[in-house]
Amino acid sequence: MNVDAIFLAFLQMVVMVILTPLLIGIMRQVRNRLEGRVGPGILQPWRDLRKLFAKEPLRAPGMSWVQSVGPILLMISSLSVCALIPLVSTIHSRLIPGDLFVVVSILLLGTVALALVGLDAGTAFGGMGSSRHMTIAAMVEPTVLVAIYALSIPIGSSALGAIVRARIADPSSIISLVSLLALVALGIATMAETSRMPVDNPSTHLELTMVHEAMVLESSGRDLAWLELGSWLRLGALLGLIGSLLLPWGMATQPTILEIFLGLFMLIVKLFGLGALLSGMEVFLAKLRLFRVPELLAGSFVIALLAVIASYLLEVS
Amino acid sequence: MNSIAAALVAQVVFAALAVVLALVLPEQRRALWCGVTISAIGVAGALTGISALAGGRGGIRIPISLPISALKFEPQQLGALFMVVVGAVGAITAIYAIGYAHGPANSRTSWIALAIFLTAMQLVPASADVVSFLLVWELMAISSTVLVLTEYRHRDQVRSAALWYSVMTQLSFVLIVLGFAILAKQSGNITFASISAMHSHRSSIAFVLLIVGFAIKAGIVPLHIWLPRAHPEAPSHVSALMSAAMVKLGVYGAVLVGTQLLPSGPSWWGLLILVLGGLSALYGILQASVAVDLKRLLAYSTTENIGLIFISLGAALLLRSSGLGHVADYALVSGLLLVVAHAAFKTLLFLGAGAVLSATGEGDLDKLGGLGSRMPVTSATFAVGALGAAALPVTAGFVGEWVLFQALIHGAKSSDRLLAVVMPLSVAVVALTAGLALMTFVKAFGITFLGRARSAGAQGAKEVGFAMKLGMVLGATAVVGLGLIPGRLGIQTSTLTGRDSINITSMGGISLTKISATLNPVALLILAAATAIPVLVQSIFAARRSPRRRVDLAWGSGGMRSSPKMQYTATSYAEPLSRIFDDVLKPDRDIVMTPSAESQYLVERVRFRQQVTDIFEVRFYLPAVKWFDRIGIAARRMQNGRIQVYLSYSFAALIVVLIMAVL
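Protein chains in written order, with the numbering used here: chain A, 316 to 632; chain B, 1402 to 2064.
Hints may contain errors.
Covered stretches of chain B (in silico footprint by chain A; criterion: 3 or more residues with CB under 8 Å from a CB of chain A, positions within the stretch not fixed) [as the list claims (entries may be wrong)]: (1) 1768-1774; (2) 1791-1800; (3) 1833-1845; (4) 1916-1926; (5) 1939-1947; (6) 1972-1983; (7) 2042-2049.
Hints were generated in silico from the structure; no laboratory data involved. The model shown is predicted, which means the values in this text are computed figures rather than measured ones. Built from N, CA and C at the ideal position, the CB exists for glycine as well.
Work out the full structure: start from the sequences and follow the hints.
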């Protein structure tokens, strides 16, 4: 059990590292096509990474070790999250059950690493991005935790693997009111956490609006490569988690070759499908003003809270 | 005389020795010897606690001439845990103080007060009856006031801070005396054992009096008002002791009342503590996130942390009164874990703030920056403390918060409608608090240690001396150690609840057996190390091919950076947040535009000033102070200096007493 779990965790990491640049490529390509442009093709993120790894990183006076360690910390955080959440299979190690609170806190470690990279160079833009990023992260956290709390009530456990297994066993719970409310809230939180529309425009470099891009302005070379890959992995992991919660079928519950391949195939389908869907939606969304974002997040929090209370009321009746 | 009694006596002996040393030694040798002796007081206290936790019983009785029984100090399990906390904090801060204490902090008075303060704090949780408790409690209050006043010659604010502190602390004392008086009268005895043996009584008045009294000491909103004043003004090692140890004794009092003296109260008792805790957690962290003074930020963060601990305690009482005893145990355990965790990281953070203060002379975040390369040890240890305060893995703070979350999400499984609303809201409050704490400590660390220096003081900073570094490294070790192998402490705290509900895992982690949840921080660390290997290998390969190149200027979006003032400051970092929470924080902003002489549309200079005041202070305390002032002025009329009037006062008083005696 434990050896299988460790192997599967490792497999998830490797697969996600391969898939997420493609996911980003697909999302950009979908957007390009919908906006009537040709687009660079879905392999472009991979080419970008290769280019960045070959370039030399620049270091200005005043920059500290954070500039090079921060990106690596972000990568470690994103990779660990990919290992811990159920993507290909619902099997988890007994040593580290993919406990929700642990997963969120590891994600937040990455958030912190990114914010510190933004502050390190001592430029106005880095600080601005970092400040906005942390403000959004602080507002998102209640939504994420309360949403998963709602999902955990029927099972009595905050282990993500157990939640997904219970959904495979009882598919009707997926389209229940509680589950849908929680997933909507989780979806909004994911958009905010991974700097997507309508919270942040991933393709902008407009000074007044950028959040994520402002933080990584001073990074270059492999530092930037790690930052990009780490952020993509976060998006991939969170989309994959939503996919696992929404469409858990096909995920491996036993460590057999067949089930693992099916799980892999389903992961690719879900990830790319959700990515294309998200990207298609983003075309129709305008970025919110920064100070309207808290309203959106407060709304998602209320939805999550409703999910918890509904879950409680439905359980009683 | 057993080991506990011996260790208790040793504390008092060391305290006496420290007093003598402080009196006889010359100034340049005083710090070393007093620091070592006071550190020994702390070690003795921690050892007392450890042997009492291990199941040892014993104590000392000091006969006194008052018409009551002898003073009794016999640490029980709960008190023993707090003795360990206070002792460990005391030992670390005393070592740090050897290097830190200069000028007024190195005076005889200051060292004597420090010795008495630490000893009194260690005896508070050891007290076995009401009178001993109150005596050492007051001793602790007085000696800490002396310590707050250390630098009174240098800054005017020190006096005002000490005044606020002593007023609040005396108010707390009065409430606690009244509460204990009711309990002692009901049980007919003053020992805690006999009060808790009377299970039938549910005196709500005594409960409220005691909880409010202890909440003042614990810095709970709206009674927190002394914390953000006293902490920045006291020397840093004193702030560390007050915030990490003394405030915890307020928590000790609340836990003692809630779980032992009045254990079977109605559900609104728990709710009261929970609401107070939630309010403190949110308000504390909001104020901390917009604070620009490093020690003020830490003071408000203490309010937040104690708020979280009160949430745990309140949830424990509430769940217990709703018949969810096993979940209640976890809530209580999380509170105690948070107590230990907060003691560890808050000691560290205050010591770090002290190091920054002594190296730069600046406590204002807006004037710091770039200290990371100049003070590597301070910055590394402060980073560990900040991680702990932000409750991120693998630190002690994370473990405490994780258990709290587990207790809260398992607390709604009953047909109790109150719980169904309270528990999700508590989860949300704790989550929002955790999110804001993250931002606060990214700001505190990032603005202080990263970027470029914003003042000459920060520019010329040098790393602090050995004793201070040692103190900070010890604190950092405690934060990480407790975060990596929390199992032992978890078991220890769960025995305090009277039920065995926590197991230690094979990797030293913590396992909540009744709700089947496991946390293995060591395994997480191994996972992180395993994922780090390929990343590092790739980094090293890339670095071989294309090494890092030094450039003269950061890109800065194409703009030439001329002044470090163009960086984001602590104020601007928190600006989005202060705008979002404008209604709660009500910052006081001032923007003055000076137009140039040629045209009013050309602005020559803009002056921006922002001050975040405490709304509780402005709306509640200042009017109350004004009101008391008015009463005082009115009362002056009674004292007009005429002897006839005074004689008639005493005559009237005599008549009143006689009438009352007749009735």
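Hints, verified against the model:
no.	hint	verdict
1	1768-1774	holds (count 4)
2	1791-1800	holds (count 5)
3	1833-1845	holds (count 8)
4	1916-1926	holds (count 8)
5	1939-1947	holds (count 6)
6	1972-1983	holds (count 8)
7	2042-2049	violated (count 0)
Checked against the numbered hints above, the structure violates only hint 7.
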